[in-house]
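Chemist: Residue strings, one per chain:
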Amino acid sequence: MVKKEMIAMLLAGGQGSRLGVFTSKVAKPAVSFGSKYRIIDFPLSNCINSGVDTVGVLTQYQPLRLNTHIGIGIPWDLDRNIGGVTVLPPYEKSANSEWYTGTANAIYQNLDYMESFNPEYVLILSGDHIYKMDYEVMLDFHKQNGAEVTIAVMPVPMEEAKRFGIMITDQDHRIVDFEEKPANPRSNLASMGIYIFSWKTLKEALLTNADQPGLDFGKHIIPYCHSKGAPLYAYEFNGYWKDVGTLNSYWEANMELIDLVPEFNLYEEYWKIYTRSEILPPQYLAADSVVEKSIIGEGSEIYGQVYNSVIGCGVTIGAGTVVRDSIIMNETKICGNCEIYKAIIAENVLVEDDVKIGVGEEVPHETDPHIYNHGLVAIGEKSVIPRGVTIGKNSVVFGETSAEDYANGSLPSGKSLIKAGDKK
Amino acid sequence: MRAIGIVLAGGNNHRIKELTQKRAVCAMPIAGSYRSIDFALSNMSNSRINKVAVFTQYNAGSLNEHLSSSKWWDFGRKQGGLFVFTPAVTAESSVWYRGTADAIAQNLAFLKNSHEPYVVISSGDCVYKMDYNEVLEYHIEKKADITVVCKDMAPDVNVDRFGTIKMNEECRIEEFEEKPIVANSNTISCGIYVVRRRQLIEMIEKCAEEDRYDFVKDILIRYKNMKRIYGYKIKDYWSNIATVEDYYKTNMDFLQPEIRNYFFRQYPDIYSKVDDLPPAKYNTGASIKNSLISSGCIVNGKVEDSVIFKKTYIGNNCYIKNSIILNDVYIGDNTHIENCIVESRGTIRANSYHKGENGIEIVVEHNDRYVI
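Just so you know, the sequences run in chain order A and B.
Residues in the first sequence are numbered from 1 upward in steps of one, following the numbering used here.
Residues in the second sequence are numbered from 1 upward in steps of one, following the numbering used here.
Isolated chain A, as found in the complex (with noise of 0.2 angstroms):
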């Protein structure tokens, strides 16, 4: 008989709007992180380390790269006999075919492969968040208070509550209260959107809710489970966790890897993160390169200059091309004499020579403000910028453009280039 004390559930469905370009082809878990990651790599990494080795991942926003990434999970041992990960797309049905509606619906479509483990406990994760964690402490924590559901929460700054759902509790961690982005918030615990249910309690949570329309974890099965007086605890996480959700926080959070000892310490010989290698080599500096403050993956060759920066895997860095204060991904290639500033670009680029980027006054984005700001540029993948071209601040390229897409030779600040992806 098949029998798993706890199998994850991780939600990968979503696009991640607010990174932009980046997530108009990949689902923001599948987006990269810190030179040669993914951002699902961090759960997955959390769940194998916790000893938790039957995860679900949900997906349904452009799988294709998170699909390849995960594969039958070989990098995080998560090929098993028994369990191991297992995509989990939405799927038609002889009836009430839909597409996942909401994060507890996209559960709630998935039980019977939660049933087929028998598991006494359901961890729910998502895919977006940077972090360590040992699942199983918090497994011990609601075993020992008798729990039905247990919450992660983490303090943030009373200023800063009001933007995330809030626990109330008692002295004992439990819930008597909970309110979702409130004005005058009553406590400063954030929900992290980790939950661990005993699994009767969530199939019945489930089933009952199942015609509720965009059936959500915080807005109608928490709530219900409350009102039915289940017991509730907040678990509560002082460790580095990290939403990636804007081009801005996404680029403060690779920043701080390249800190002389940076608070999220990837060094550790304990709770190692994994990835799908593909590239192995090492990476090669050459003679007049300079690099200081900076990260680089396998398998990059560098030419030039890189400072404050994070370099993914595969990328070569040109001759007399100096790269400040960006984040590269993989195999993207910079020509020579280039300047790039502020910038973050996807994977498999090509930059010509003597391109600048990053450069001239600050000017909010026309459209996206919300997107694009803080003076970063933002460049697509397979993106091909042309020899020579100057790209202003605030700004955003994607798809394989010209010099004749460039009016005097320039992006100014503010701008947006797009000719691949859906326009957006």
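Derived by calculation from the structure, the hints in this document are not laboratory data.
Ideal Cβ placement from N, Cα and C applies to all residues, glycine included.
Label pairs and their computed distance ranges (CB to CB):
id	chain 1	residue 1	chain 2	residue 2	range
1	B	N261	A	N248	34 to 44 angstroms
2	B	K78	A	Y113	21 to 31 angstroms
3	B	D160	A	R324	47 to 57 angstroms
4	A	E361	B	R345	49 to 59 angstroms
5	B	V364	A	E5	43 to 53 angstroms
6	B	R345	A	P369	45 to 55 angstroms
With a cut-off of at most 30 angstroms between alpha-carbon atoms, the simulated DSSO-like pairs for lysine-lysine come out as follows:
id	chain 1	residue 1	chain 2	residue 2
7	A	K293	B	K273
8	A	K356	B	K289
9	A	K293	B	K302
10	A	K132	B	K71
11	A	K242	A	K333
12	A	K333	B	K129
13	A	K25	A	K415
14	A	K333	B	K273
15	B	K302	A	K342
16	A	K272	B	K71
17	B	K289	A	K342
18	B	K302	A	K333
19	B	K112	B	K224
20	B	K289	A	K293
21	A	K3	B	K71
22	B	K273	A	K132
23	B	K355	A	K293
24	A	K333	B	K289
25	B	K321	A	K293
Following the hints, put chain B in place on chain A, whose structure we already have.
Modeler: For chain B alone, kept in the frame of chain A given last:
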């Protein structure tokens, strides 16, 4: 596939000195990210050979650790797989492998139980990329009994540690000398052979009956006039690492762009066990010139013309030049290392000074390391 593979990985070699005190030659780290045996195994895998035996004997621990899973070379298969044969006490035999032919003889069941018509044999201490199918085609075309892959060495290379070959114009081998004192040919055997499986079984059995144990001496040289033994010349990069000088030079070769490009960027790739180390990190004060740096390294000092293997820490104000630093070495502040090979897992105290004056110095230091 038409062939099975054998990788000869048993050897030790005094010419590589201290470096094999803790590992077999085939487990020597190469080019920052690899081990020597990765090249033979990747070539096998890329030539679509599914079933491979590795014969290992001397100090096999580190090699076994590297081969703990066969999935990195794509050998985790139902059809085929990776088989590691160390000497074992059996009803028939209770001796170590007394030579390469003896190693095969003691595991003859592996050959007998296969159905593929050919066998590709490679030594595990060579750095090269090769499609064995091309040698196999050549072997069939020449109607050869054994094909020996060979290479013309530059005239100034001392070949007295190799087998040297003389061929006629049809490439049939007429002379084969093992480790000649005075070589009369600069064509050497690369330790890569193709032979028909039944032919190999027959020769190995005959050898064993006569208490002969060495594949080169007792098969290639002894049979060279009786059997049709042909040479297949390779023109691409090939290097044997079994002396300190050659090991050093082979690693340094990877600082040349064409060699890096050939091995790292051209199809097919070389595979290795994945170590899941974080990206290399360069702090303020780091300065790296013409060097290879592997994942998991943290660099604070100066590195020039060197190959730094995985997970090495280089302290502030260090100066590393013309050196090879093997895996997981900690180098304390203000250290000077020049013309050295630093053994893996070493801990070098701050303010140390190591310089190879006449050739390469091998540094083995195991001081206490304080891990925060």
